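Listed in order, the protein sequences are those of chains A and B. First residue of the first sequence: 4, per my numbering; consecutive thereafter. First residue of the second sequence: 77, per my numbering; consecutive thereafter.
To be clear, the hints were calculated from the coordinates, so they are not data collected in a lab. Note that the coordinates shown come from a computational prediction; the quantities given were computed from them, not determined experimentally. Glycine is no exception: its CB is placed at the ideal position from the N, C-alpha and C atoms. Incorrect hints may appear among the rest.
Stated by the list, open to error - Which stretches of chain B does chain A cover? Using the computed rule of at least three CB atoms under 8 angstroms from a CB of chain A, they are:
| hint | segment |
| --- | --- |
| 1 | 86-92 |
| 2 | 291-301 |
| 3 | 557-563 |
| 4 | 696-708 |
| 5 | 751-765 |
| 6 | 775-788 |
What the hints assert, rightly or not - Chain B side only, calculated, beta carbon under 8 angstroms to chain A, not exhaustive:
| hint | residue |
| --- | --- |
| 7 | Y104 |
| 8 | A106 |
| 9 | D466 |
| 10 | R467 |
| 11 | S588 |
| 12 | D592 |
| 13 | P689 |
| 14 | M742 |
| 15 | G745 |
| 16 | L848 |
| 17 | G849 |
| 18 | R850 |
Unchecked claim - Beta-carbon label-pair distances, calculated as ranges:
| hint | chain 1 | residue 1 | chain 2 | residue 2 | range |
| --- | --- | --- | --- | --- | --- |
| 19 | A | H44 | B | D132 | 33 to 41 angstroms |
| 20 | B | A461 | A | D65 | 42 to 50 angstroms |
| 21 | B | D515 | A | G81 | 52 to 60 angstroms |
Each chain, written out:
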Amino acid sequence: MSAAVTETPIATLTLDVNGEPVSVRAALSTTLLTTLRDELHLTAAKRGCNQGVCGACTVSIDGEPMRACLSLAQGCEGREVRTLEGLGDDPRLVALQRAFAAHAAFQCGFCTPGMLVAARALLERDADPDDAAVRAALSGNLCRCTGYARIVTAVRAAARALKEPA
Amino acid sequence: MNDRAHGAVGRAVPQVEGEEKLTGRAAYIADLDRPGMLHAAIVQSPHAHARILGYDVAAAKAVRGVRGIVTGDDLAAQDRMGAFIKDEPAFAKGVVRYVGEIVAAVAADTEAIARAAAALVRVDYEELPAVVDPAEALAPGAPLVHDDAASYVKVFDAGTGGNVCSRTEFRTGDPDAAWAQCDAIVEATYRTQAQAHLSLEPCGALAEIDAAGRVTLWSANQSVFRVQASVCESLGLPMTKLRCLTPRVGAGFGNKMEAHVQPVVVLLAIRTRRAVKLILSREEDFETVRARHPFVIRVKTGAKADGTLVAREMELLLDGGAYGDDSPGVLGYALLMQCGPYRIPHVRGHGRVAYTNKMRFGAFRGFGVPQVTFAAETQLDELAAKLGIDRLELRRRNMLHPGDPWFGGQAIRSNGLAECVDTVVRESGWSTPLPKSDDAAPGQRRLRGRGLALSAHISGLLASGAIVRLLEDGSVLLNTGAVDIGQGSNTVLTQICAEALKVPVDRVAIASPDTDGSPYNWGTTASRVTYVTGSSVVGAAAEIEKKLKQHAGEMLECAVDDLELLPGGKVAVKGVEQHAVSFADISARAHWAVGGPLIGTHSWVFDTKTFDPKRAVALGLPFAQIGIFSFSALVVEVEVDEATGGVRVVGAWSAADVGRAINPQMAAGQVEGAFVQGMGYALTEELVWDGARLANPSLMDYKIPTFAEVPETLRAFLVESDEPSGPFGAKSVGELGINGVAAAIANAVADATGVRVQQLPMTGERVLRGLLGRERA
């Protein structure tokens, strides 16, 4: 005699993830983070705290940086979900990646995908953020390695690079 | 003499894992997957101390999708692990000793099923009296955390017995007689808190068993070799039955050095014959892994009227938690570093680690030095005030100068401390007085102050090896077994290898640590990888160079002594650049015709004695061979809100004598990151227990620094004193920058307010209490 773990009803959903429609199965309580990582094997977004504090799971939903661990998969139907993997050659992301490498704005890299997604959203709405604007925009993303200063420098360097004629 | 012309060393080479980390493709333990893999969840103890009478796993087993359950009944009573004292089972066996301890684990088809089933495991306990305070644990009649701790196997003379986990005593000179020579003596007791490592990646492991019963284990770790040893000791496995590998590691500040969940995951894999992955939740990670030791520090320092330090006594009491882990090492190292980088002729240091019914405390960046530096460096400010001597002048008068030995007599061959001090004094504007406050009304002001602290750290400890292989095309494969925990050691070791062989950095690949294929490396800990492993890389590269020259001599028909390496992977006749053969030509000859594959190896163990027995007396010395000192000076500037007591660090200038910076950008990054982690330690971070239960195991309630708290000015300065024994002159950098942070901030708070906070963290509440007390006084 075996008992099943009772889960909230499982639904089959179609999500727009990184520009493609994908079919996933999710319970009411399944978070977007679990769907992305366990079902779609998109592992750039990390589970650091699973309660919306650390920011390592940050993804873009309809252009806004959001906590995938606090977003329910079923609530993402009809919305554009973009993970770091799907931002690919977006020019703002590329500029940020170059600047993060040049300024050593990461060490272990665990917070980096969330940090990049959040920083990219910042540069989309503010092409020339000052230190305070960068700190405010990223204040929900924790990093335990770098001491943060290099991340601020890198984001501002990326903003400058984007303004230079190609 | 090292040839530095080539330029792989001393350059800001970007981290070699940059591409994968910046595209989200870096694979950490939680990102790994294996065919047919099961997911596991743990069952934790609700009691601080209890006998386990039995388990009822029927309900959990009945859940569809559950594939295996392990409990303490699956462990043999004699199998225990421990770096210093073999006192810890793989997980609870017969007794639980802290709330949150792992008592059982479930493997199932999904994590959700495993967690649901774990909640159905019933454990029958008989509660026992518990002790959570270290002083109470050492009092007569206290409940014993371990029935017979004295009987455990130990790797040094630990003095274990009752609730004493270990004790250590050091002495130099004649401290008892020396107090009479002092014109001023200060004595105080300081208390420090438990700090959580908070590596952003929670701990986890994945184990898989092959048809022959051999297990492969990936885990979040700081040493594949320590993982192998701990798992094999705690499960009674021969080391040949376990291969340990590493994925990328989402930082480790000491928490991933000794075992966490690896033993339980290996046991589940053996029982289920399947691959099993277990990733702790953040809360479980807080409750079951380890944290920085709370210290009680009684310290007494005496000086002559002219400021010359004469005598120091320090007594330490460490809360060790339920198991020994690295506690004996932390105690011994803290006592070794208690004088800081100062000449003090008469010193006594003694201390004990107490077992308590709390989670184990262990290695954390600084390894006891942030605690004792907080006490000793704030006491120096008080001594300076008592003597009427400027606090900077008192330090300059007593600090170690080139040629001075470390406490206990070990010779120091490179000492850049004076340059560190000069640098931070100059850059911070130390000699320009600060306005003491802003213009707000009294009671609403922001009070300003500056603080200074000096400290040191070691670079050399235990064993390491390196294998350098020349591949068929003449490119280079480096294999050291040292785990890069994110700090950049793969990059630094690659740079050292490239420099030694005069090849571009991109011609060197670095192998991922593997207990099957890598030479032994004790671990990425104790700030040792650049110095100890880097020295192995230099040695192995030198052996390759010798072999390359033997081949080249035969190919060019000349004497080996007439040959030199040329940049870009060539061996040439000295001064005759065109008379050269490439590494590719030599390697092809070796692989296909003469001599066989080119392999260079080097292995060593750091063997400088910690103490000179003629100069120091030691009892219970956990590290007999440790040394090579790096130095640090730090200035901070703070603002204290008079209304709330809140402290904000507005500037930090941190200088590190690293011997030589192999990668200056990464070295500076270590100093900056250490500062901010130290700032959290100084001001906000504190694990709080409600009785025996951890009250704040979440990032909501445990506050680490964010972007908002980082000082406007955060500057790192590297001083290069050129350590003669180090690889290209390098010493250490990983921990150095955290050691003086709490002390410097405390000194700045006192400078701003006159309030001496002798307990960490210096929360607004504690500072405000001091401010209110000052008003009353």
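Q. Which earlier hints turn out false for this structure, listed by number in ascending order?
A. 2, 4, 9, 10, 11, 12, 13, 16, 17, 18 and 20
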